[in-house]
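Novice: One letter stands for each residue in the lines below.
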Amino acid sequence: MEAPVTHPSVTVQRQTTSSKAALTLAALIVLTIPTMPFWASGGYIRWAVELSCLIAIAQMWNLLAGYAGLLSVGQQAFIGAGGYALFVLAGKLGVNPFAAVILSVGLPFVLAIPFYLLLKRLDGPYFAIGTWVVAEALRLLTSNISYVNGGGGLSLRVMAEYSQHQRAIGITILSAVLLLLTVGGTYWLLRSRHGLALTAMRDDPVAAESQGVNVARLRFLIYIAAAAGTGLAGAVYYMAQLRITPESGFDPYWASICIFVVMVGGIGRIEGAIIGALVYFFATRFFGQYGATYLIVLGLLTMFMALYAPGGIWSLLTKIRDWPWFPTARLLVRNR
Amino acid sequence: MSAVLLSVRGLTKSYGVVRVLDRVDLDVYGGEVLGILGPNGAGKTTLFNVISGDIRPQAGTVEYSGAALGDEAPFQRARRGIGRTYQIPRPYAAMTTFENLLVAAMFSAGRRERDAYAHCAAILHDCGIAERANLQAGSLTLLDRKRLELARALAGEPKILLLDEIAGGLTDEESRTLVELVRRIRDKGITIVWIEHVLHAIMAVADRVIVLSFGQKIAEGSPSEVMADPEVRRVYMGIEV
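Residue numbers (the numbering used here), protein chains in the order written: chain A, 946 to 1281; chain B, 209 to 449.
Next up, chain A with everything else stripped away, as it sits in the complex (with noise of 0.2 angstroms):
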């Protein structure tokens, strides 16, 4: 844990005692996750890994329309990408697929720069709508394109040459590099001199822009950065499944699932994201058998946590106790 910031006449505080608490459970899970395949059995596995990956993507939504305002319904391009990257590297070009899954964030990253590039010119709305239709016509291309077998999709045949055992090691060692890199990558940039900046653009970014922020050199990274996030997730996730398809990687159900992780759990925090993903992730666990009853649940859920708690489950948990897991703030402590 660091010390506080002390300067010649004011000193500045930015750890409570919940959050040295809850960083070191997040540590100690982080460690954990990657000793499963040897006391947990498959099942439990399974959970974490799709847990991990439900948590990253949102956790990357949240920085996207939390933070920087992009409302985007069309992240799935990027788990898409990110899927069929890690399918063609270790599939098709022999590369070792545990490698492969770490290079597999560069497709997402190059292909998130045109894609903004496009997209930056729409504004609210017309953004989001944007972003949706991207990812469809991503979904198409690759239907299209017999290298990857169209439709059909792919199966990642090369796994069976590893053992469950070395596979259920691989997998979750990749899990916790993914919640380290999308979660703690998070929580670093929001601590640092940028993640005030972004602070101050979710806030107002008229403001910001008029006190020196960048906002649209910021917004430009943030998009590629919550691509390269979201890209990762889905190379974890769909190593996992052992088989894409266009239909499963591109499926637009991925942005409702982010919009109501994010505003169930509590939109602009990094706390929230993570609650949301848990609420969701254990929702589908054991209501999920109701199929359309339960969606409609999850729906009227999403609507009134946006009526009336729009910060969320986060923010109606501060207002019993101010105990924050990753504070972000900088508190001016003394003033001498």
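Hints in this document: simulated from the structure, not taken from any laboratory.
Mixed in with the good hints, there may be bad ones.
[Said to hold, decoys possible] Beyond 12 angstroms from chain A on every Cβ pair, some chain B residues (computed): (1) Y237; (2) G278; (3) R292; (4) E373; (5) L389; (6) I426; (7) G446.
[Unchecked claim] Over 10 angstroms on every C-beta distance to chain A, these chain B residues come out as not near it, computed from the model: (8) A276; (9) V406; (10) M435.
[What the hints assert, rightly or not] Computed cross-link-like contacts, EDC-like style, restricted to lysine to aspartate or glutamate with a CA-CA straight-line distance of at most 20 angstroms: (11) K367/B to E240/B; (12) K1065/A to E280/B; (13) K396/B to D334/B; (14) K1065/A to D262/B; (15) K396/B to D415/B; (16) K1065/A to E1081/A; (17) K367/B to D415/B; (18) K396/B to E365/B; (19) K1065/A to D279/B.
Here the structure is a predicted model, which means the values were calculated and not measured.
From the three backbone atoms N, C-alpha and C, an ideal C-beta is built for every residue, glycine too.
Mind docking chain B on chain A? Use the hints.
Specialist: Just chain B, lined up with the frame of chain A:
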């Protein structure tokens, strides 16, 4: 008189058929306080928005420190020393008062984070909001929000400060407090352009005043000269002379 710091020539801006600025010329001299008066809709805030780069004019030029600002974005103008406040305060509501200042100190003035801490703490103290340093800016009273607007602009270490109705909506006592603050800022050598409806506030500090009406400059001079101008009295105060 000092050299011209900011020069506006032929500034014209229309929204549809409504001409908000009509070939406005003005010079701002280094170290002075220039007051801008005018009825609602005269184009005062639009003038600030053009100078700060928030909107583009249809015609005209803005020169700062002898160089044309051209297409420079607001963040670039802020980094060159053009600071501003907004008529309706625009705090970063979920950030603390202290952090509001840090943004300006680090991005506008280009200070390193650790250097910015003491700088911002000192400005909070000068502006009388040191006790609110750790409060969320969105929870501040109107007076404190106005002080925060000013403090945040100062944290960016501007050479010229554009103040947009900072005394509006305040009680006489509160506006007197702000006038004192503006005086202290002027005494530090910062050039100030101040749009204000609270006449006694601007008359107490301004070296020169210009008056806008329907986008045109109708008067310019010392506060007493401008207040004696029949056209100003008719347009601005509704007094037929």
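Novice: Against each hint, give a clear statement of whether it holds in the structure.
Specialist: Taking the hints in turn, this is what the structure says about them:
With a cut of 12 angstroms on Cβ distances, Y237/B stays outside the contact zone with chain A, its closest approach being about 23 angstroms. No beta-carbon of chain A comes within 12 angstroms of the beta-carbon of G278/B; the shortest separation is about 17 angstroms. Distance check for R292/B against chain A: the nearest CB is about 6 angstroms away, which does not clear 12 angstroms, and the non-interface claim fails. Every CB of chain A lies more than 12 angstroms from the CB of E373/B, the least distance being 16 angstroms, so the non-interface label holds.
Distance to chain A confirms L389/B as a non-interface residue, since its nearest Cβ pair spans about 19 angstroms, more than 12 angstroms. Against chain A, the non-interface label of I426/B holds: every CB pair exceeds 12 angstroms, the least being about 28 angstroms. The claim that G446/B is not at the interface with chain A holds, since no C-beta of that chain comes within 12 angstroms of its own (minimum 33 angstroms). No Cβ of chain A comes within 10 angstroms of the Cβ of A276/B; the nearest lies about 20 angstroms off, and the non-interface call holds.
The claim that V406/B lies off the interface holds: its Cβ sits roughly 23 angstroms from the closest Cβ of chain A, which is beyond the 10 angstroms cut-off. Residue-level check passed: M435/B sits 31 angstroms from the nearest beta carbon of chain A, beyond 10 angstroms. Between K367/B and E240/B the alpha-carbon distance is near 11 angstroms, which keeps this suggested pair within the 20 angstroms criterion. Under the criterion of a C-alpha separation no larger than 20 angstroms, the hint pairing K1065/A with E280/B is consistent with the structure, at around 19 angstroms.
Taken as a hint, the K396/B and D334/B pair is honoured in the structure, with Cα atoms around 12 angstroms apart against an allowance of 20 angstroms. As the CA atoms of K1065/A and D262/B are separated by approximately 18 angstroms, the hinted pair is consistent with the 20 angstroms bound. Between K396/B and D415/B the CA atoms are separated by roughly 15 angstroms; this keeps the pair inside 20 angstroms, and the hint holds. Proximity of K1065/A to E1081/A is assessed by CA-CA distance (about 18 angstroms); at most 20 angstroms being required, the pair is judged to hold.
As the CA atoms of K367/B and D415/B are separated by approximately 17 angstroms, the hinted pair is consistent with the 20 angstroms bound. Between the alpha carbons of K396/B and E365/B the distance comes to roughly 11 angstroms, so the proposed pair stays at or under 20 angstroms and holds. Between K1065/A and D279/B the CA atoms are separated by roughly 19 angstroms; this keeps the pair inside 20 angstroms, and the hint holds.
Comparing the model with each earlier hint shows a violation of hint 3 alone; every other hint is respected.
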